[in-house]
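J.: Here is what each chain is made of, one letter per residue.
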Amino acid sequence: MSYREKLAWLSLTAMALTFGPYFAIAGRASAMDKAMPNLHLLWLFAIAAGVQVVVQGLGRLWLRHKERLEGGLQPADERDLAIEYRSVRAAYGVLIAGMILVGCVMPFNSSGWRIVNAALAMIVAAEVVHYATVVFSYRRYA
Amino acid sequence: MSPGTISNRIRALRFENGEMSQTELGRRIGLTRQTLAAIEAGKYSPSLEAAFRIAEVFKVDLQQVFQWNSEGVSQ
Chain A
1 MSYREKLAWL SLTAMALTFG PYFAIAGRAS AMDKAMPNLH LLWLFAIAAG VQVVVQGLGR
61 LWLRHKERLE GGLQPADERD LAIEYRSVRA AYGVLIAGMI LVGCVMPFNS SGWRIVNAAL
121 AMIVAAEVVH YATVVFSYRR YA
Chain B
1 MSPGTISNRI RALRFENGEM SQTELGRRIG LTRQTLAAIE AGKYSPSLEA AFRIAEVFKV
61 DLQQVFQWNS EGVSQ
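So the sequences go chain by chain: A and B. Position 59 of the first sequence, counting from 1, maps to 59 under our numbering, and the rest follow consecutively. Position 16 of the second sequence, counting from 1, maps to 16 under our numbering, and the rest follow consecutively.
Derived from the structure by calculation, the hints contain no laboratory data. If you're wondering where the values come from, they're calculated on a predicted model, not measured in any experiment. You may find that some hints are simply not true.
What the hints assert, rightly or not - Sample of chain A residues with no beta-carbon within 10 Å of chain B, all distances over it, derived: (1) W43; (2) A46; (3) G50; (4) G59; (5) V94; (6) I100.
Unchecked claim - Label pairs and their computed distance ranges (CB to CB): (7) B/R53 with A/I115: 48 to 54 Å; (8) A/R140 with B/Q67: 20 to 26 Å; (9) B/M1 with A/V105: 37 to 43 Å; (10) A/Y92 with B/L48: 24 to 30 Å; (11) B/S47 with A/V54: 37 to 43 Å; (12) B/R11 with A/K66: 25 to 31 Å; (13) A/V105 with B/W68: 46 to 52 Å; (14) A/R64 with B/Q67: 38 to 44 Å.
We put the beta carbon where it would ideally sit given N, CA and C, even for glycine.
With the hints as extra help, turn the sequences into a complete structure.
T.: This is the structure we're talking about:
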């Protein structure tokens, strides 16, 4: 498995571990708690984002160390760049669709924290699509 | 556009050149070992530049490394 595929797996795992629980809690909380600013959810999001940074940071340091022991970190080659291009393009589509939904449709029937959470969910969804496309592409072309 | 596939003789050429490893070949042309493995397996088609670089390492013509097999063309 290439270094970049391992990074994609790490990012997917980190997002599942942090934003998965956050959105599970936020999905249930937002219906009953519409106060703005919602400090309870803000704190939960801050914790999720903080854990995400720690897991990603430690994971990347460990992967980089492991890669150096196995012969050094190689720069991205043409296949890596092609996969990155494809995955960013897929993620961009999800992000644009999500932002249209959140910014142009949701204001007519929702408000407050629901819109905030929907925007965050779309950003996370775009990131999931990005890294999932990376993993899928490396599996397909390996 | 007529369908076809690209096959290659990189594995055989590596063998003929002293069992050159994928890592060594990759290092010489600027590709990772995983990318070379994908090219050898026919799962990734390299750029024209990378194809020429591979041929250059083995000191052969491009057509001795890569072959285009068109389907549905009567010979």
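J.: Against each hint, give a clear statement of whether it holds in the structure.
T.: Hint check results:
1. A/W43, annotated as away from the interface, keeps every beta carbon of chain B farther than 10 Å; the closest lies near 42 Å.
2. Distance check on A/A46: its Cβ is at least 38 Å (rounded) from any Cβ of chain B, clearing the 10 Å threshold; non-interface status holds.
3. With a cut of 10 Å on Cβ distances, A/G50 stays outside the contact zone with chain B, its closest approach being about 33 Å.
4. For A/G59, the shortest C-beta to C-beta distance to chain B comes to about 20 Å, beyond the 10 Å cut-off, and the non-interface label holds.
5. A cut-off of 10 Å between C-beta atoms confirms that A/V94 is not in contact with chain B; the least separation is 25 Å.
6. The Cβ of A/I100 sits about 34 Å from the closest Cβ of chain B, beyond the 10 Å cut-off, so the non-interface label holds.
7. Our hint of 48 to 54 Å for B/R53 and A/I115 holds, since their Cβ atoms are close to 52 Å apart.
8. A hinted range of 20 to 26 Å for the beta carbons of A/R140 and B/Q67 is consistent with their spacing of about 23 Å.
9. The hinted range of 37 to 43 Å is satisfied by B/M1 and A/V105, whose Cβ atoms lie roughly 40 Å apart.
10. Distance hint for A/Y92 and B/L48: a CB-CB separation of about 28 Å, consistent with the stated range 24 to 30 Å.
11. At roughly 39 Å, the beta-carbon separation of B/S47 and A/V54 lies within the given 37 to 43 Å, and the hint holds.
12. For B/R11 and A/K66, the hinted distance range of 25 to 31 Å is satisfied, since their beta carbons lie about 28 Å from each other.
13. Evaluation of the 46 to 52 Å hint for A/V105 and B/W68 yields a pass: the beta carbon distance comes to about 49 Å.
14. A C-beta distance of roughly 39 Å is found between A/R64 and B/Q67, which places it inside the suggested range of 38 to 44 Å.
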